[in-house]
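Chemist: Sequence:
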Amino acid sequence: MDTSIVLLLGFILLVLLRWMSSRPKDFPPGPLALPVLGNILQINFSSPLVDFKELSKVYGPVYSIYLGFTPAVVVRGLKDLKEVLVNKGVEFAGRPMTRLTNVVSGGKGLVLATYGPAWKEHRRFTLSTLRNFGLGKKSMDKRICEESLHLVKEIKKNKDALYDPHIVLDNAVSNIICSIVFGRRYDYDDPTFRCILDLVHEHMKMATGIWAQLYNAFGFVKYLPLPHQKMLRNVKTVFAFLGTVLEEHKRSRVPGQPRDYIDCYLEEMEKEEKDGSKKTFDEKSLFTCMVDLFVAGTETTSSTLEWGLLYMMLHPDIQEKCREEIDNIRVDRDHLDYEDQVRMPYTQAVLLEIQRFSSVVPLGVSHTPIKDVQLNGYTIPKGTIIITDLSSAHYDERHWKYPHQFNPENFFNKDGDVVKVESFMPFSAGPRVCLGENLARMELFLFFTTMLTHFEFHWPDPKSPPDLTAVFGISQVPKPFKMKLVPRTSLTA
0 MDTSIVLLLG
10 FILLVLLRWM
20 SSRPKDFPPG
30 PLALPVLGNI
40 LQINFSSPLV
50 DFKELSKVYG
60 PVYSIYLGFT
70 PAVVVRGLKD
80 LKEVLVNKGV
90 EFAGRPMTRL
100 TNVVSGGKGL
110 VLATYGPAWK
120 EHRRFTLSTL
130 RNFGLGKKSM
140 DKRICEESLH
150 LVKEIKKNKD
160 ALYDPHIVLD
170 NAVSNIICSI
180 VFGRRYDYDD
190 PTFRCILDLV
200 HEHMKMATGI
210 WAQLYNAFGF
220 VKYLPLPHQK
230 MLRNVKTVFA
240 FLGTVLEEHK
250 RSRVPGQPRD
260 YIDCYLEEME
270 KEEKDGSKKT
280 FDEKSLFTCM
290 VDLFVAGTET
300 TSSTLEWGLL
310 YMMLHPDIQE
320 KCREEIDNIR
330 VDRDHLDYED
340 QVRMPYTQAV
350 LLEIQRFSSV
360 VPLGVSHTPI
370 KDVQLNGYTI
380 PKGTIIITDL
390 SSAHYDERHW
400 KYPHQFNPEN
410 FFNKDGDVVK
420 VESFMPFSAG
430 PRVCLGENLA
440 RMELFLFFTT
450 MLTHFEFHWP
460 DPKSPPDLTA
470 VFGISQVPKP
480 FKMKLVPRTS
490 LTA
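Residue numbers are given in numbering that gives the first Met the number 0: position 18 of the sequence shown equals residue 17, and the series is strictly consecutive.
The set of hints was computed from the structure by calculation and includes no laboratory data. We put the beta carbon where it would ideally sit given N, CA and C, even for glycine. There could be a bad hint or two in this list.
[What the hints assert, rightly or not] Think about it this way: if two alpha-carbon atoms lie no more than 20 Å apart in a straight line, the pair counts; the simulated PhoX-like pairs of lysine-lysine are:
| no. | residue 1 | residue 2 |
| --- | --- | --- |
| 1 | Lys381 | Lys81 |
| 2 | Lys381 | Lys370 |
| 3 | Lys235 | Lys204 |
| 4 | Lys483 | Lys156 |
| 5 | Lys283 | Lys270 |
| 6 | Lys156 | Lys481 |
| 7 | Lys78 | Lys400 |
[To be verified] Computed Cβ-Cβ distance ranges for the label pairs, DEER-style:
| no. | residue 1 | residue 2 | range |
| --- | --- | --- | --- |
| 8 | Lys277 | Val330 | 47 to 57 Å |
| 9 | Ile166 | Asp331 | 30 to 40 Å |
| 10 | Asn131 | Glu338 | 13 to 23 Å |
| 11 | Pro479 | Gly255 | 45 to 55 Å |
| 12 | Arg487 | Asn131 | 28 to 38 Å |
| 13 | Glu338 | Lys277 | 35 to 45 Å |
Full structure from sequences and hints, please.
Modeler: Here it is, written out as structure tokens:
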């Protein structure tokens, strides 16, 4: 072929690729995107928060990046986060359907579901069912307290050695949601369940990494023997485990006597069948709801508790002030009740500060507008991926007294009262706010106070403090660590 023709075709191809990654009219500005790859190689997806912050210094709190050919808008800062999540919460209530989210949810369920009547009905049903099984009531309080005593008993087995708390915290938290959804708990040494939890954590980390981004951006990557294949295998293994749980429920349930969330959902399916009404509830949606509740109800809360132990060891004075308040309210009981928290302002503030400072879910879950919408003077087309940097609100110097320090004073006013801070949004906000928020708050309070009731926690080597660099993923988790624990001899468990 003539050289001039080759050069012309190459030029046309470059122009075409550049056009495909060019920003639409009135779209937010952003860094120059490379042909085909967009900005994927310009952002460190193993720890993107620093890059997102630096880009906002150049392009403002609302700017765009390209993930391959796919445009995405990053939103930072309280003002614009509130606009997206609350003021225009319905307009931005959609979820982007990527190749990976399609594998995980298919647009169904509770977390990644398409916004619309089916999602609303499932959210209402789930909240109602959680309440029926005790959320916000004494029965849930009792369920968590019973599990916390299992936790204490397990930790005490390791009182004479340096101890990594990850596994027991992970299992304890997961057992709460498992008891609600599956109607059972799992022993801490159950190898099958431990394997499933490990795969969930691995997926949460890989789902935001570079290989996930490439898999979402380019369909052909699906067929290549690259690291994203491990992520897909993990999903299959977890789904097989949950599928076994569902099949067992279908065999053993007694109609009219629901034991848990799965039984309640199956009854709702039968009710629709008998009524001949339009089917909203189906087995695929049930399975996806199981996945959502199991995954969301495990990692975020257990990771927050791990961060809490790290912060308590780094700040023994804060740990001791919490323990004094706990003992004053507890008196001779071996644990507190959730209703006690209203009389414990210092412990409340510490738990809030743990959530703020760790920012366990720093980017929330991506949103998308359900129609073309205006944001900060820009036009955001329907279906655009919206990345909400919730962590930016948690460290904003305009809204916190000590934005870059772990300090419970961030949640006290001048009169010493615990106050609600608008820029605190660990569970996101608006129509898509985390439906497990109240359960998570109960778990954090009861597990945290029970552990401080029964143990003192110490960092093994004061001369070498822990590395607080987070392992980034959908959730930010601490690097593995071991701690020295001292049982409080006046208590038994």
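Chemist: Take the hints in turn and mark each one as holding or not.
Modeler: We went through each hint and held it up to the structure:
Annotation: proposed proximity of lysine 381 to lysine 81 holds, straight-line Cα distance about 19 Å (limit 20 Å). For the suggested pair lysine 381 and lysine 370, the alpha carbons sit about 4 Å apart, so the restraint of at most 20 Å is met. A threshold of 20 Å between alpha carbons decides the hint, and for lysine 235 with lysine 204 the separation of about 17 Å falls inside it, so the pair holds. For a cut-off of 20 Å, the pair hint linking lysine 483 to lysine 156 stands: about 13 Å separates their Cα positions.
Simply put, lysine 283 and lysine 270 have alpha-carbon atoms about 17 Å apart, close enough for the 20 Å limit, and the pair holds. About 15 Å separates the Cα atoms of lysine 156 and lysine 481, which keeps this hinted pair within 20 Å; it holds. For a cut-off of 20 Å, the pair hint linking lysine 78 to lysine 400 stands: about 18 Å separates their Cα positions. Distance hint check for lysine 277 and valine 330: the Cβ-Cβ separation is about 55 Å, which falls inside the suggested range of 47 to 57 Å.
Taking the beta carbon of each, isoleucine 166 and aspartate 331 are about 31 Å apart, inside 30 to 40 Å as hinted. A beta carbon spacing of about 20 Å between asparagine 131 and glutamate 338 agrees with the range 13 to 23 Å that was offered as a hint. Checked against the hint of 45 to 55 Å, the pair proline 479 and glycine 255 passes, with Cβ atoms roughly 47 Å apart. Our hint of 28 to 38 Å for arginine 487 and asparagine 131 holds, since their Cβ atoms are close to 37 Å apart.
Separation of glutamate 338 from lysine 277 is about 42 Å and conforms to the stated range, judged on CB atoms against 35 to 45 Å.
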